[in-house]
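Based on the provided sequences and hints, a complete structural model is requested.
Here are the chains, one letter per residue:
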Amino acid sequence: MTPVETLRSLEDLKRLQATLAAAHDPSQPCITVSNGTCCQAYGSKRVISAFETELAGRDLAEQVKLKTTGCHGFCAIEPIVIVEPAGILYQKVKDKDVSEIVEKTVQQGQIVERLLHVDPATGERVTYEKDVPFYRKQQRILFEQARSIDPTRIEDYIELGGYRSLGRALFSMQPEEVIDTIKRSGLRGRGGAGFPTGRKWESCRRAAGEPKYVICNADEGDPGAYMDRGLLEGNPHSILEGMIIAAYGIGSHEGYVYIRHEYPLAVHHLSLALEQARAYGLLGQGILGSGFDFDVAIRRGGGAFVCGESSALMRSLEGDVGEPQAKYVRSVERGLWEKPSNLNNVETWANVPLIIDKGWEWYANIGTAGSKGTKIFSLVGKVNNTGLVEVPMGITLREIIFDIGGGIPEGKKFKAVQTGGPSGGCIPESLLDLPVDFDELTKVGSMMGSGGMIVMDECICMVDVARYFLNFLREESCGKCTPCREGIARSLEVLNRICNGEGRPDDITLLEELGELLKGFSLCALGRTAANPVLSTIRYFRDEYEAHIHDHRCPAGVCKALITYSIDPEKCTGCTACARQCPQKAITGEKKAAHTIDQSLCIKCGVCLDTCKFDAVLVV
Amino acid sequence: MGQSEPALELEELGMEMVTVESVVGRHRRDPSAIIAILQDLQEEMNYLPEGTLRYVAERLDIPVSKVYSLATFYRAFSLEPRGRHLIHVCTGTACHVRGAVKVLDTLERELGIHAGETDEQMEFTLETVNCLGACALGPVLVVDGEYHGEMNPAKASRLLKRMHRTRSDGEGEA
Chain W
0 MTPVETLRSL EDLKRLQATL AAAHDPSQPC ITVSNGTCCQ AYGSKRVISA FETELAGRDL
60 AEQVKLKTTG CHGFCAIEPI VIVEPAGILY QKVKDKDVSE IVEKTVQQGQ IVERLLHVDP
120 ATGERVTYEK DVPFYRKQQR ILFEQARSID PTRIEDYIEL GGYRSLGRAL FSMQPEEVID
180 TIKRSGLRGR GGAGFPTGRK WESCRRAAGE PKYVICNADE GDPGAYMDRG LLEGNPHSIL
240 EGMIIAAYGI GSHEGYVYIR HEYPLAVHHL SLALEQARAY GLLGQGILGS GFDFDVAIRR
300 GGGAFVCGES SALMRSLEGD VGEPQAKYVR SVERGLWEKP SNLNNVETWA NVPLIIDKGW
360 EWYANIGTAG SKGTKIFSLV GKVNNTGLVE VPMGITLREI IFDIGGGIPE GKKFKAVQTG
420 GPSGGCIPES LLDLPVDFDE LTKVGSMMGS GGMIVMDECI CMVDVARYFL NFLREESCGK
480 CTPCREGIAR SLEVLNRICN GEGRPDDITL LEELGELLKG FSLCALGRTA ANPVLSTIRY
540 FRDEYEAHIH DHRCPAGVCK ALITYSIDPE KCTGCTACAR QCPQKAITGE KKAAHTIDQS
600 LCIKCGVCLD TCKFDAVLVV
Chain U
0 MGQSEPALEL EELGMEMVTV ESVVGRHRRD PSAIIAILQD LQEEMNYLPE GTLRYVAERL
60 DIPVSKVYSL ATFYRAFSLE PRGRHLIHVC TGTACHVRGA VKVLDTLERE LGIHAGETDE
120 QMEFTLETVN CLGACALGPV LVVDGEYHGE MNPAKASRLL KRMHRTRSDG EGEA
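Protein chains in written order, with numbering that gives the first Met the number 0: chain W, 0 to 619; chain U, 0 to 173.
Treat the hints as calculated values from the structure; they're not laboratory data.
By construction, the Cβ of each residue, glycine as well, lies at the ideal position given by its N, Cα and C atoms.
Worth double-checking, as some hints may not be accurate.
Stated by the list, open to error - In silico DSS-like cross-links for lysine-lysine, where the CA-CA straight-line distance does not exceed 30 Å:
1. W/Lys326 with U/Lys65
2. U/Lys154 with W/Lys590
3. W/Lys612 with U/Lys154
4. U/Lys160 with W/Lys559
5. U/Lys160 with W/Lys91
6. W/Lys584 with U/Lys160
7. U/Lys154 with W/Lys411
8. W/Lys44 with W/Lys95
9. W/Lys479 with U/Lys65
10. U/Lys154 with W/Lys570
As the list claims (entries may be wrong) - Here are some, though not all, of the chain U residues that point toward chain W, as calculated from beta-carbon distances under 8 Å:
11. Ile34
12. Phe72
13. Ala75
14. Val96
15. Asp104
16. Val128
17. Leu136
18. Ala153
Unchecked claim - To give a feel for the contact side, a few chain W residues facing chain U, derived at Cβ under 10 Å:
19. Ala40
20. Ala75
21. Gly223
22. Met226
23. Arg228
24. Tyr262
25. Arg298
26. Cys306
27. Val320
28. Gly321
29. Gly380
30. Leu387
31. Pro421
32. Gln580
33. Cys604
34. Leu608
Next comes the structure, spelled out in structure tokens:
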């Protein structure tokens with residue numbers, strides 16, 4: 000990076016912000032390309048280099064700005080290209096589309112119709128980003144900046160007012176005042192448990208012992224959840240600024256970010272953010288010329304889910320195996336290296352600068368009585384508009400899944416939505432009008448968790464889903480306490496036999512009993528909540544369990560032992576595509592005549608089902 | 000490219016020692032950085048050989064049993080050599096509900112190995128990962144760091160065939 004001038008006062012920061020803002024001409028044409036991990040998987044890097052070549056070739060590199068950002072949240076239509084100043088949005092852009100965009104839109108001011116977003120609900124084309132229905136019911140306060148920030152440039156963040164809150168905290172607020180502001184805002188921890196953030200900070204500040212540690216939990220382990228990846232990749236400085244503000248409030252000088260090694264791009268962006276913040280004097284000794292010192296180190300996780308649990312995470316930071324500890328000693332009093340430690344989740348940290356900047360009253364006005372602010376959900380699975388959605392607390396599940404998510408693909412029927420990761424549960428259609436907040440989700444047997452929201456359609460077997468989570472948890476249980484280690488393994492045994500068609504009449508009762516054992520006697524939250532996926536599916540989808548046990552039938556057509564594949568002779572055109580793909584050579588038939596499957600050879604791999612273009616493969 | 004053939008043990012340990020020295024030095028021989036040290040070593044050496052673990056324990060002055068316990072507790076570490084190509088199948092919930100199991104079954108069948116194993120030719124290592132956070136793309140495969148989204152058994156099988164072809168082409172040229 001280019002050498003920068005260290006900011007030695009609040010005035011220096013204000014001057015830099017003013018200079019950056021003045022240099023920015025909002026009328027200058029600018030092409031923004033989203034470039035998060037999933038955008039890259041869809042080829043955004045090739046799109047960016049195509050734009051570079053195209054702009055240079057047309058001698059436009061000076062006049063037209065090219066900007067790469069993190070994820071814009073609407074992952075189903077990535078890579079997204081925004082053409083400013085008009086704010087035109089193009090979806091699923093490929094490198095071959097680039098020259099047309101530059102020629103038609105940038106040079107001639109025309110729209111490339113075929114690249115416009117089509118709303119799956121109405122079939123209408125949308126020209127401008129601001130009109131995209133996916134964003135309409137959202138309130139993107141945490142993600143707002145990520146659409147216009149290059150996360151590898153701290154200057155982009157500062158230009159938009161970044162580190163202003165830190166300046167305010169350091170120079171015009173007492174540490175207690177910072178904590179009080181967070182307390183009054185009503186912010187609760189976004190990692191899952193929803194503990195009031197300000198109260199946690201206060202306990203840590205008051206705890207005896209030095210040094211104190213501020214830790215960011217970026218070990219986003221819930222499968223199906225990637226909110227934190229989105230924030231870390233798209234706006235790493237907002238998280239860092241939150242941590243520095245808390246450190247000032249708590250009286251800490253040393254921080255850690257514990258981040259998943261499965262997120263290489265997030266690690267990279269965060270490392271750059273730390274380097275750049277240090278170079279500007281926003282991190283390290285005497286931040287912004289104040290007497291306050293604070294620095295942060297990154298530690299990568301080793302791929303253990305249980306390390307998302309606070310005490311396990313701290314053991315891992317110490318260089319030990321990530322085994323949780325009993326909670327009679329709180330980590331705000333004795334955490335990392337037995338010292339007072341304050342741990343918050345990525346999304347919690349990102350809220351902090353906003354609250355300091357706009358005031359706790361503003362924040363407390365968003366959301367419900369007990370859950371303030373917005374919540375980011377990763378809306379995934381069988382839903383049209385897959386992506387990261389940020390909504391005010393209290394919005395209903397129906398609004399999220401149908402208004403924002405655009406409903407279920409291929410005209411299939413909604414069956415359930417799973418929230419809260421392996422600790423959460425499945426919520427059925429009858430509860431879709433439930434307002435989403437910490438307390439409401441818990442009441443129906445699920446939980447907010449970190450924000451995964453996996454939509455399931457009629458083709459998903461709920462017994463298999465329960466088995467999936469228990470299998471996950473069996474692998475991830477650290478094994479330290481017996482109720483969790485054995486309770487999960489035995490529950491999984493029962494679920495396996497139900498899915499294999501060997502279920503016994505009293506298996507449902509047995510699962511419920513094992514669930515009570517897990518809930519009552521496990522050491523940490525992993526075990527205490529492990530039965531939620533099982534108990535919630537029994538509660539709302541008992542008939543499916545019964546069909547497996549009593550009728551040896553999997554109604555959704557998923558459990559291999561209970562299904563057979565066959566070919567509908569009416570629909571089969573005899574195209575031979577399935578027969579050529581079948582790894583078992585189990586499909587035979589003449590060209591242009593209906594095919595048949597030899598059941599003695601069929602291994603139910605599903606290749607024929609995916610291959611057939613005529614919906615002729617039946618699963619019963 | 001090219002996996003080194005099993006060489007003389009002493010010689011290999013010599014190489015290992017140089018690598019361990021440089022990685023441990025980078026982390027200032029800090030025993031609390033042990034996980035980061037093992038991560039860096041695995042990146043350089045492809046896996047964590049026994050000799051390396053023993054030498055790390057010696058250099059950090061901690062028991063070998065502790066190093067072994069860490070290397071087996073964390074999923075990211077491998078104590079076995081891995082193949083030239085690393086295939087990760089994401090088995091996160093979003094991928095699961097979109098058919099990740101069928102994709103994994105296909106790869107296991109066609110490679111003749113189970114998840115967590117390496118084929119005899121040391122060509123492919125197949126592993127599952129809990130969630131890559133690329134849920135919109137599900138089911139996702141990552142082959143040598145490159146993401147492949149919206150997989151199904153047929154596509155996964157084609158991807159393998161393509162890789163086999165590239166390999167035999169490469170051998171033909173050499």
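Here is how each hint holds up against the structure:
1. W/Lys326 with U/Lys65: Given that 30 Å is the threshold and the Cα spacing comes to 25 Å, the pair holds.
2. U/Lys154 with W/Lys590: holds (24 Å)
3. W/Lys612 with U/Lys154: holds (15 Å)
4. U/Lys160 with W/Lys559: holds (26 Å)
5. U/Lys160 with W/Lys91: Judged against 30 Å, a Cα distance of about 27 Å means the pair holds.
6. W/Lys584 with U/Lys160: Satisfied, since the Cα-Cα distance of roughly 18 Å is no more than 30 Å.
7. U/Lys154 with W/Lys411: Judged against 30 Å, a Cα distance of about 23 Å means the pair holds.
8. W/Lys44 with W/Lys95: Distance ~13 Å between W/Lys44 and W/Lys95 Cα, so the pair holds.
9. W/Lys479 with U/Lys65: holds (16 Å)
10. U/Lys154 with W/Lys570: It holds: about 24 Å lies between the C-alpha atoms, which stays within 30 Å.
11. Ile34: With a closest approach of 5 Å, the U/Ile34 hint holds.
12. Phe72: holds (4 Å)
13. Ala75: Constraint on U/Ala75 satisfied, holds at 4 Å.
14. Val96: holds (5 Å)
15. Asp104: Where the cut-off is 8 Å and the nearest Cβ of chain W is about 6 Å from U/Asp104, the hint holds.
16. Val128: holds (6 Å)
17. Leu136: Where the cut-off is 8 Å and the nearest Cβ of chain W is about 5 Å from U/Leu136, the hint holds.
18. Ala153: holds (5 Å)
19. Ala40: With Cβ-Cβ at 3 Å, under 10 Å, it holds.
20. Ala75: holds (6 Å)
21. Gly223: holds (4 Å)
22. Met226: Constraint on W/Met226 satisfied, holds at 9 Å.
23. Arg228: holds (4 Å)
24. Tyr262: holds (6 Å)
25. Arg298: holds (7 Å)
26. Cys306: Nearest chain U Cβ about 8 Å off; hint holds.
27. Val320: Cβ of W/Val320 sits 4 Å from chain U, so the hint holds.
28. Gly321: holds (7 Å)
29. Gly380: Cβ of W/Gly380 sits 5 Å from chain U, so the hint holds.
30. Leu387: For W/Leu387, the interface hint holds, since the closest Cβ of chain U sits about 9 Å away, which is under 10 Å.
31. Pro421: holds (8 Å)
32. Gln580: holds (6 Å)
33. Cys604: holds (6 Å)
34. Leu608: holds (9 Å)
The structure fails none of the hints (numbered hints given earlier).
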